[in-house]
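With the hints as constraints, model all of the structure from the sequences given.
Number of protein chains: 2
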Amino acid sequence: MFSKACEYGIRASIFIALNSFQDRRVSPKEIAAEIDSPVAFTAKILQALVRHNVINSVKGAYGGFEIEKERIKDIKLSDIVDAIDGDSIYKGCGLGLQACDEHHPCPMHDKFKIVRDELRNMLESTNLETLALDIKEGDTFLKR
Amino acid sequence: MFSKACEYGIRASIFIALNSFQDRRVSPKEIAAEIDSPVAFTAKILQALVRHNVINSVKGAYGGFEIEKERIKDIKLSDIVDAIDGDSIYKGCGLGLQACDEHHPCPMHDKFKIVRDELRNMLESTNLETLALDIKEGDTFLKR
DNA sequence: TTAAAATAAGACAAATTTATCCGAATTAAA
DNA sequence: TTTAATTCGGATAAATTTGTCTTATTTTAA
Ligand code: FES
Ligand code: FES
Chain U
1 MFSKACEYGI
11 RASIFIALNS
21 FQDRRVSPKE
31 IAAEIDSPVA
41 FTAKILQALV
51 RHNVINSVKG
61 AYGGFEIEKE
71 RIKDIKLSDI
81 VDAIDGDSIY
91 KGCGLGLQAC
101 DEHHPCPMHD
111 KFKIVRDELR
121 NMLESTNLET
131 LALDIKEGDT
141 FLKR
Chain W
1001 MFSKACEYGI
1011 RASIFIALNS
1021 FQDRRVSPKE
1031 IAAEIDSPVA
1041 FTAKILQALV
1051 RHNVINSVKG
1061 AYGGFEIEKE
1071 RIKDIKLSDI
1081 VDAIDGDSIY
1091 KGCGLGLQAC
1101 DEHHPCPMHD
1111 KFKIVRDELR
1121 NMLESTNLET
1131 LALDIKEGDT
1141 FLKR
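Just so you know, the sequences run in chain order U and W. Note that this note's numbering gives residue 56 to position 56 of the first sequence, counting from 1, and the numbers run on in steps of one. Note that this note's numbering gives residue 1003 to position 3 of the second sequence, counting from 1, and the numbers run on in steps of one.
Be aware that one or more of the hints could be misleading.
The following residues of chain W were derived to be distant from chain U, with all beta-carbon distances above 10 Å [unchecked claim]: (1) 1039; (2) 1092; (3) 1105.
Just so you have them, the derived chain W footprint on chain U, three or more residues with Cβ under 8 Å [claimed, not checked]: (4) 54 to 62; (5) 86 to 95; (6) 127 to 140.
Since the hints were derived computationally from the structure, they do not count as laboratory data. Quick caveat, the model's predicted, so the values are computed rather than measured. Beta carbons: idealized from backbone N, C-alpha and C, even for Gly.
Structure follows, in structure tokens:
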């Protein structure tokens, strides 16, 4: 469904949010350990998220990755997916035609669109705050 | 969403079904031209579909790929996806954890499961006959 | 029986994704 | 101002997916 990069990106963002609630910055090393991902690759993905203004980075000693507390509830899963995998999962044709086109639909179009729209709606209506709080409560997990 | 191989496989299967209604066997060359895909790669995918008993092949002169007429309505999109991409799209964790586990869910689990189940339901309730007939009516298209 | 037409199979190549490594740039504290 | 702790950026490598090619095998018709 999502690329590995995107999966790591979402998991990392949730962990960063969790720590930002407590004003803690986290390093790629700490993140990778917590979400069970390759450190260097994870660092690359974090850089991409910074470029797309999903998370913030602070260089130098005592630096790390963080998200401004007030923004955590405004960051949607779709923002992360968009930043890493682009919008093809929302807009692309399910059968791989160059573009999904209502006026020249593929055989799957009518039925696929419904699922695709529901996926988009799910990603757009889920924010980092909700996800991070579930972890905090111990209801959900980022690895294993 | 699906791999290229899977997209080609679905499009090819629909085209084969369309022709099998008229007792015509089709070659990889003809299929690739009709669904706008690389011939040799498409041939590889057809072989996989034959191995998984989704389509039939007849070797030698006057041979080609076909589907028994009576089976066309019984072949579901999910059969093709299963054969080529496996079942991770139906069963896998949306965040990439080793397995989706109700008892140890990832933060996306509750919401993701709904979309994933709807996707599976859509693929399992759509058969080749329906898809091929839409094409025949000129309502849908396999390329461009 | 032979020739032609077709799929099967495997080796190879290219492109993309995933992953690693290292040096440069930045920052805060000592 | 120096040093240590960081992220940033680019080069490289490994793995997977996508795509090509060539030869073998099978089948029908002449
Ligand atoms: S044209 Fe294929 S999903 Fe819309
Ligand atoms: S555990 Fe992640 S989707 Fe079920």
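Hint-by-hint comparison with the structure:
no., hint, in the structure
1, 1039, "16 Å, holds"
2, 1092, "7 Å, violated"
3, 1105, "5 Å, violated"
4, 54 to 62, "violated (count 0)"
5, 86 to 95, "holds (count 4)"
6, 127 to 140, "holds (count 6)"
Going through the hint list in order, the structure does not satisfy hints 2, 3 and 4.
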